[in-house]
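This note's numbering puts the sequence shown at residues 5 to 229.
Simulated from the structure, these hints should not be mistaken for laboratory data.
Here the structure is a predicted model, which is why all the values come from computation and not from measurement.
We put the CB at the ideal spot given by N, CA and C, even for glycine.
A portion of the hints provided could be inaccurate.
Cβ-Cβ distance ranges computed for the label pairs, FRET-style [said to hold, decoys possible]:
#1 A108 - L193: 27 to 35 Å
#2 A208 - D77: 25 to 33 Å
#3 V63 - Q113: 21 to 29 Å
#4 E226 - L61: 18 to 26 Å
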Amino acid sequence: MSTRLNDYNYELPRELIAQHPLPRREDSRMMVVHRDRKKIAHAHFVDLKQFLRNDDLFVLNNSRVLPARHFSDDGNFEFLFLEKTAPCRWKVLVKPSRRFGKGAATVIQGMRAEAGEIFVDGSREITLSDDIDLQRCGAMPLPPYIKRSVVIDRRYREEDEARYQTVFAKYEGSLAAATAGLHFTAQILGSLPHVFITLHVGTATFRPVKMEDITQHQMHPERFS
């Protein structure tokens, strides 16, 4: 298997990237690879059970996505809250990062936010004038290929909170959804043998791979139980 980054580049037209989910989770399309016959078939996720063996077991991640995405009140900055380091202090990712260096300030949800230490991974610490409630005022940290503006974020907030979350999500801690699980419904889940683990998905899932030799890419750690 190649370890060269360029060997994994391919063209994906923007117009083919869905910006909103189907009305029903189980209607998502599913590609089935028949390895014995070297054939590819197309089905829907609702048909999953017919392709399973009797001894198959699903291991599912029940981590819950935090609504950790915030915009500054003027719309100039986007923040992803990673970790609370002290009262009113958070480790965050910010876009555009070059305009929010140490000592820079903005307002988030009516609270002053000032940039402090900048870490080697590109994240930085910010100090807020008061504690922030992510559950009350945060938005879901959608992947970068799903586009939302500040206005659209508010319009589709309920949809994103419901659909960018698995039906079996339980323990809060992820910064992105375990996307393979988004297609399960309670009915499909109830018909399949399964067990759960908890793995809190971190920033590694959406950080770009920049090393030409992909074996040199440094992955960020994630917590599991």
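Structure-inconsistent hints, enumerated in ascending order: 1 and 3
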